[in-house]
Every structure is written in structure tokens, then in C-alpha cells.
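No gaps in the numbering here: position 16 of the sequence shown is 15 in numbering that gives the first Met the number 0, and each next residue is one more.
Since the hints were derived computationally from the structure, they do not count as laboratory data.
The beta-carbon is built from N, C-alpha and C at its ideal position, and this holds for glycine as well.
Incorrect hints may appear among the rest.
What the hints assert, rightly or not - Straight-line distance between alpha carbons at most 27 Å, and here's what the computed DSSO-like set of lysine-lysine pairs gives:
1. Lys150 to Lys88
2. Lys88 to Lys60
3. Lys126 to Lys150
Stated by the list, open to error - Per label pair, the in silico range of CB-to-CB distance:
4. Cys50 to Leu103: 22 to 30 Å
5. Lys60 to Ala154: 35 to 43 Å
6. Arg111 to Val56: 20 to 28 Å
7. Gly108 to Lys150: 34 to 42 Å
8. Ala136 to Gly110: 36 to 44 Å
9. Pro123 to Pro35: 37 to 45 Å
10. Lys126 to Pro35: 33 to 41 Å
11. Met0 to Thr100: 31 to 39 Å
12. Pro123 to Asn95: 16 to 24 Å
13. Thr21 to Gly67: 29 to 37 Å
14. Ser138 to Thr36: 33 to 41 Å
15. Gly9 to Asp68: 15 to 23 Å
16. Gly140 to Glu34: 22 to 30 Å
17. Arg27 to Thr100: 19 to 27 Å
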Amino acid sequence: MTMWILFGFGTYISDIFDIIHTRHDRVRAIVKNYEPTEEQLSEIRRRISYCGYEIPVIDMKDFSPVPGDQYMFGFHDGKSKDYQSLESKYGIRFSNLIHPTVTLGSNIGLGRGICIGAHTVIAPNVKIGNYCTINRACSIGHDTEIGEYVKLNPA
0 MTMWILFGFG TYISDIFDII HTRHDRVRAI VKNYEPTEEQ LSEIRRRISY
50 CGYEIPVIDM KDFSPVPGDQ YMFGFHDGKS KDYQSLESKY GIRFSNLIHP
100 TVTLGSNIGL GRGICIGAHT VIAPNVKIGN YCTINRACSI GHDTEIGEYV
150 KLNPA
């Protein structure tokens with residue numbers, strides 16, 4: 000079982016939880032990327048409660064990498080460059096998180112820090128840059144090149 004550390008949280012975190020749990024993995028902790036309001040903290044606690052186990056929400060100052068853990072963002076704003084600064088600061092690398100129902104064609108090029116949701120189909124010869132989020136049920140045609148920090152949603 001792989002343990003995941005998620006940096007930050009937004010509404011997309013429920014999809015990230017789904018991918019992690021479908022893979023029979025677990026979330027070790029969520030690291031806050033800002034000081035949430037009480038309402039936002041209540042919302043993340045509600046989402047965590049559906050996981051069936053406790054997931055601590057910790058401050059960035061309390062984060063310390065654990066050998067063997069995997070790292071992913073719990074939100075995607077499509078423009079944040081925080082990914083690289085966190086990798087550099089903590090000596091970590093963001094992993095790819097791919098739902099088991101994803102169909103990948105041949106000759107796919109994947110960067111790092113990519114999250115691909117359930118039932119997505121990616122045709123042959125596709126290149127996906129670093130730190131992209133491809134939401135559930137997307138379809139990407141052959142020979143497509145996707146840059147860094149891109150978020151795709153189904154039509």
C-alpha cells in the first residue's frame with residue numbers, strides 16, 4: 000500500500016481521494032497551502048470523513064518528507080508554480096496519480112505531478128507536460144501535446 004501526502008486542498012480533492020482509494024492506497028496527511036477559514040476547514044473535514052479513516056491536516060512548517068511516500072497536490076489552479084518550489088525546498092518529486100480505469104494508448108509521454116481521473120481515454124502518441132490535471136471521463140486524441148500546468152475537463 001502506497002501512502003500519499005497531498006499539498007493543499009480544494010473541491011477536486013474528493014476525486015484525488017477516489018483515485019488513491021481505488022488503487023488501495025491511503026492518504027498519510029494533507030499539508031495546508033494557506034490558512035483556511037473555519038468553513039473551509041469544516042468542508043475538508045466533511046470530505047475526509049467519507050474516507051473511513053483519520054487524515055491529519057497539518058501546517059507546512061510541520062511537514063517533513065517520509066521515505067517511500069508519494070506526493071500530489073490536492074487542488075489545481077492551472078497556474079501555480081508552487082509545485083517546483085516545494086520539490087526543491089523539500090527534496091521531493093511529485094508523482095503521477097492515475098486511476099486504474101484510465102486507458103492509455105501506446106507511446107505516451109508523461110511528465111511528473113500528473114493526475115488522471117477515472118474513465119479517461121488517452122490515444123496513442125500523446126505527450127502530457129508536468130503538473131497537469133485531467134479530470135474524469137476526458138478523451139484525448141492521438142498525437143496531442145499538452146503543456147505544463149494544464150487542467151482538462153470533459154466536454
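Results for each hint:
1. Lys150 to Lys88: holds (25 Å)
2. Lys88 to Lys60: holds (12 Å)
3. Lys126 to Lys150: Roughly 14 Å between the alpha carbons, so the hint for Lys126 and Lys150 holds.
4. Cys50 to Leu103: 22 to 30 Å: holds (27 Å)
5. Lys60 to Ala154: 35 to 43 Å: Since Lys60 and Ala154 have Cβ atoms about 42 Å apart, the given range 35 to 43 Å holds.
6. Arg111 to Val56: 20 to 28 Å: holds (25 Å)
7. Gly108 to Lys150: 34 to 42 Å: violated (19 Å)
8. Ala136 to Gly110: 36 to 44 Å: This hint is violated: roughly 22 Å between Cβ atoms.
9. Pro123 to Pro35: 37 to 45 Å: holds (42 Å)
10. Lys126 to Pro35: 33 to 41 Å: 35 Å Cβ-Cβ, so the 33 to 41 Å window holds.
11. Met0 to Thr100: 31 to 39 Å: For Thr100 against Met0, whose Cβ atoms are near 19 Å apart, the range 31 to 39 Å is violated.
12. Pro123 to Asn95: 16 to 24 Å: Holds - the Cβ-Cβ distance for Pro123 and Asn95, about 18 Å, lies within 16 to 24 Å.
13. Thr21 to Gly67: 29 to 37 Å: With a Cβ separation near 20 Å, Thr21 and Gly67 fall outside 29 to 37 Å, so the hint is violated.
14. Ser138 to Thr36: 33 to 41 Å: Holds - the Cβ-Cβ distance for Ser138 and Thr36, about 37 Å, lies within 33 to 41 Å.
15. Gly9 to Asp68: 15 to 23 Å: Roughly 21 Å apart at Cβ, these two residues keep to the hinted range, so it holds.
16. Gly140 to Glu34: 22 to 30 Å: Violated, at about 42 Å.
17. Arg27 to Thr100: 19 to 27 Å: holds (24 Å)
Hints 7, 8, 11, 13 and 16, counting from the list given before, are not met by this structure.
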